[in-house]
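Generate the whole structure from the sequences, applying the supplied hints.
Number of protein chains: 2
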Amino acid sequence: MAAHLSAFTGAPLSGERELIITPSTQGALFLAIAATVVSGDKVAIVRPDYFANRKLVEFMGGEVVPITMDYLERSDGAGIDLGQLEAAFKAGATTFLFSNPNNPAGVVYSVDEIGRIADLANRHGATVIVDQLYSRLLYSGVKYTHLRASDMSSDNLITIMESSKTESLSGFRLGVAFGGARLIDRMEKLQAIVSLRAPGYCQAVLRTWFAEPSGWMADRIAKHQAIRDDLLKVLRGVKGVDARAPEAGSYLFPRLDDVRTMRACLAAFQNTRARNEGVLSALPTSGRISMAVVRRRRRASAGPLSPRLMSSRQRRSIDGAMTPTQRSPCQGSQKSHNWGGS
Amino acid sequence: MAAHLSAFTGAPLSGERELIITPSTQGALFLAIAATVVSGDKVAIVRPDYFANRKLVEFMGGEVVPITMDYLERSDGAGIDLGQLEAAFKAGATTFLFSNPNNPAGVVYSVDEIGRIADLANRHGATVIVDQLYSRLLYSGVKYTHLRASDMSSDNLITIMESSKTESLSGFRLGVAFGGARLIDRMEKLQAIVSLRAPGYCQAVLRTWFAEPSGWMADRIAKHQAIRDDLLKVLRGVKGVDARAPEAGSYLFPRLDDVRTMRACLAAFQNTRARNEGVLSALPTSGRISMAVVRRRRRASAGPLSPRLMSSRQRRSIDGAMTPTQRSPCQGSQKSHNWGGS
Numbered sequence: 047m048a049a050h051l052s053a054f055t056g057a058p059l060s061g062e063r064e065l066i067i068t069p070s071t072q073g074a075l076f077l078a079i080a081a082t083v084v085s086g087d088k089v090a091i092v093r094p095d096y097f098a099n100r101k102l103v104e105f106m107g108g109e110v111v112p113i114t115m116d117y118l119e120r121s122d123g124a125g126i127d128l129g130q131l132e133a134a135f136k137a138g139a140t141t142f143l144f145s146n147p148n149n150p151a152g153v154v155y156s157v158d159e160i161g162r163i164a165d166l167a168n169r170h171g172a173t174v175i176v177d178q179l180y181s182r183l184l185y186s187g188v189k190y191t192h193l194r195a196s197d198m199s200s201d202n203l204i205t206i207m208e209s210s211k212t213e214s215l216s217g218f219r220l221g222v223a224f225g226g227a228r229l230i231d232r233m234e235k236l237q238a239i240v241s242l243r244a245p246g247y248c249q250a251v252l253r254t255w256f257a258e259p260s261g262w263m264a265d266r267i268a269k270h271q272a273i274r275d276d277l278l279k280v281l282r283g284v285k286g287v288d289a290r291a292p293e294a295g296s297y298l299f300p301r302l303d304d305v306r307t308m309r310a311c312l313a314a315f316q317n318t319r320a321r322n323e324g325v326l327s328a329l330p331t332s333g334r335i336s337m338a339v340v341r342r343r344r345r346a347s348a349g350p351l352s353p354r355l356m357s358s359r360q361r362r363s364i365d366g367a368m369t370p371t372q373r374s375p376c377q378g379s380q381k382s383h384n385w386g387g388s
Numbered sequence: 047m048a049a050h051l052s053a054f055t056g057a058p059l060s061g062e063r064e065l066i067i068t069p070s071t072q073g074a075l076f077l078a079i080a081a082t083v084v085s086g087d088k089v090a091i092v093r094p095d096y097f098a099n100r101k102l103v104e105f106m107g108g109e110v111v112p113i114t115m116d117y118l119e120r121s122d123g124a125g126i127d128l129g130q131l132e133a134a135f136k137a138g139a140t141t142f143l144f145s146n147p148n149n150p151a152g153v154v155y156s157v158d159e160i161g162r163i164a165d166l167a168n169r170h171g172a173t174v175i176v177d178q179l180y181s182r183l184l185y186s187g188v189k190y191t192h193l194r195a196s197d198m199s200s201d202n203l204i205t206i207m208e209s210s211k212t213e214s215l216s217g218f219r220l221g222v223a224f225g226g227a228r229l230i231d232r233m234e235k236l237q238a239i240v241s242l243r244a245p246g247y248c249q250a251v252l253r254t255w256f257a258e259p260s261g262w263m264a265d266r267i268a269k270h271q272a273i274r275d276d277l278l279k280v281l282r283g284v285k286g287v288d289a290r291a292p293e294a295g296s297y298l299f300p301r302l303d304d305v306r307t308m309r310a311c312l313a314a315f316q317n318t319r320a321r322n323e324g325v326l327s328a329l330p331t332s333g334r335i336s337m338a339v340v341r342r343r344r345r346a347s348a349g350p351l352s353p354r355l356m357s358s359r360q361r362r363s364i365d366g367a368m369t370p371t372q373r374s375p376c377q378g379s380q381k382s383h384n385w386g387g388s
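These protein sequence lines are chains C and H, in that order. At the far end of the first sequence sits residue 388, using our numbering, and the numbering has no gaps. At the far end of the second sequence sits residue 388, using our numbering, and the numbering has no gaps.
Careful: at least some of the hints might be erroneous.
In this list, chains with the same sequence are indistinguishable; a pair is considered to hold if it fits within one copy or across any two.
Unchecked claim - Cross-link-like lysine-lysine pairs, in silico, DSS-like; alpha carbons within 30 Å at most:
{"id": "1", "residue 1": "Lys269", "residue 2": "Lys189"}
{"id": "2", "residue 1": "Lys285", "residue 2": "Lys88"}
{"id": "3", "residue 1": "Lys235", "residue 2": "Lys101"}
{"id": "4", "residue 1": "Lys269", "residue 2": "Lys136"}
{"id": "5", "residue 1": "Lys88", "residue 2": "Lys101"}
{"id": "6", "residue 1": "Lys88", "residue 2": "Lys235"}
Hints were generated in silico from the structure; no laboratory data involved.
Structure follows, in structure tokens:
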């Protein structure tokens, strides 16, 4: 595992001292924040980013310092406001937490952005936690820069991944965190009281991670990309929608002018049929619209779903996810990053 | 599941509102403490009890109020000092956390003790978290009283269990917590940021829980009991050892006079061969001795293990556990409650 992760990220890694297996990236994020943030600490997080980041910081009594990411105005890079990040460090932020590729916008940080983040973190002695959950799900032609392979001090860096959606293995709940030995050791000690360990029997599946049959990952990614393209085509046919093509991941995060635009999107989706026997739907949540491809479960319900007819459980399972055919035997195991619980 | 737990504990249970599936009892304990304790709260915990209880309270910034349990002086009941518990509540303790059967002493609280705990908690409006991990592993003739079936206010009570050691399923990491809907709802929200959910694929095994083949559990318990009796016989043959027979669970927690007694115990164990092709060993940890039955892995290492020759990983896996033959394919999944990490 350490050898695979080292090769993938382009930096050496000791499996003995610098790697921990956690119950999912969620478990890894919790441990990473709990190991680095104490009450009163300032933590810089990107806006928008994974919805739980704010809650994690607040659980530890930390103070969130939001950093703007203007991804819609950019065609390359994520669009993070590096001036704001520098100001946050100068104002005493001790930790910076971000996802790359960004969840939910699906944009990838440029080599310049990663270099500047490394430089700023080094100068201010800050800890950086980077959630790379979707870093294997890159669409064609996208260049990805691993922060681990930059000049960033490895002592102060934690990288988080999971054999998850790209591989359709999220039901196994197997995340990894790797980085500075001192931080990983702290996470290990915390894990002893938080969950003790990741599920033992599941861990056998990690032998298949980064060891997929030749062409399998490329095929998966091509299928994701086709769905992305279908969705983008529909969205861009609606007036008042501003949607940047995601470079990675399973999300679309468009900006809509108003409620009328939202209704027009819903109508456009209801006249469309996605591939993989999916149906399309959209839900207004938390002041924005999340869109999902949902696999049709029964022939009888082949018609488009109505948001108002969905149970809260269904909503949770689909909100925000752009999911290709799920082959999981266990629907309850699907990880939905964007559902808007409080 | 709710129906099984309701029948087992003798009190009604709503699976929809009063039950959460967690990554193991450790995950359940963490969420229960995190949902009830905030910085500065006083939390009563029994001494001795599960080693992580103190750490959980301290992680949340709570103040531990120790309650003495004089189990060696008793032949019935656990021996909790109820006067100390009452004093703790009077001094402002808002939560009481204990295991029943007690881990590590293996003693079971009497019906009177449970009634008094319920009464005191009700009078002071305290929340009670009871870890019943070993409540299915009761040796012959032992009477067990479920706090849920007492007069304790169900709103303020959380019960924790796991399909674990008794069933040799700990590698699946599947705990349950059930109780007051308000507390369970808080735990559910916390779980969203701590681990998101228990491993999905593993959850299928819960269909077998409380639905074991006829006679299977009785046979398991009889095998545990035979090991307990073997160990007790050896221990009681050594001068300076005070050992009460555990009524439940997988632990023995004797008191030894001094280091000489410890050495005599080690020698006695090294001349003994436990059933199930196990070997016996003992380790001095944290000022006491933990004893374990370890399954012999290779014919070549059939001789008694030397504590000094064990790796720290081996120590972790055996310390404190009195484990019958493990049939798990995944050694790393064994849960050892008593290892003395910090």
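Each hint tested on the structure:
In the homo-oligomer, the alpha carbons of Lys269 and Lys189 lie at most 30 Å apart inside one protomer (19 Å), although the nearest pairing across protomers, at 59 Å, exceeds that limit. When the C-alpha separation of Lys285 and Lys88 is checked against a cutoff of 30 Å, the pair qualifies neither within a copy, at 40 Å, nor between copies, at 59 Å. In this assembly of identical chains, the alpha carbons of Lys235 and Lys101 lie at most 30 Å apart whether taken from the same copy (22 Å) or from different copies (10 Å). Within a single copy, Lys269 and Lys136 get their C-alpha atoms no closer than 44 Å, and across copies no closer than 63 Å, so neither meets the 30 Å cut-off.
Taking the shortest alpha-carbon separations for Lys88 and Lys101, both the intra-copy value of 14 Å and the inter-copy value of 25 Å come in at or below 30 Å. Taking CA atoms no more than 30 Å apart as the test, Lys88 paired with Lys235 passes in both settings, with 23 Å inside one copy and 23 Å between copies.
Of the numbered hints listed earlier, those contradicted by the structure are 2, 4.
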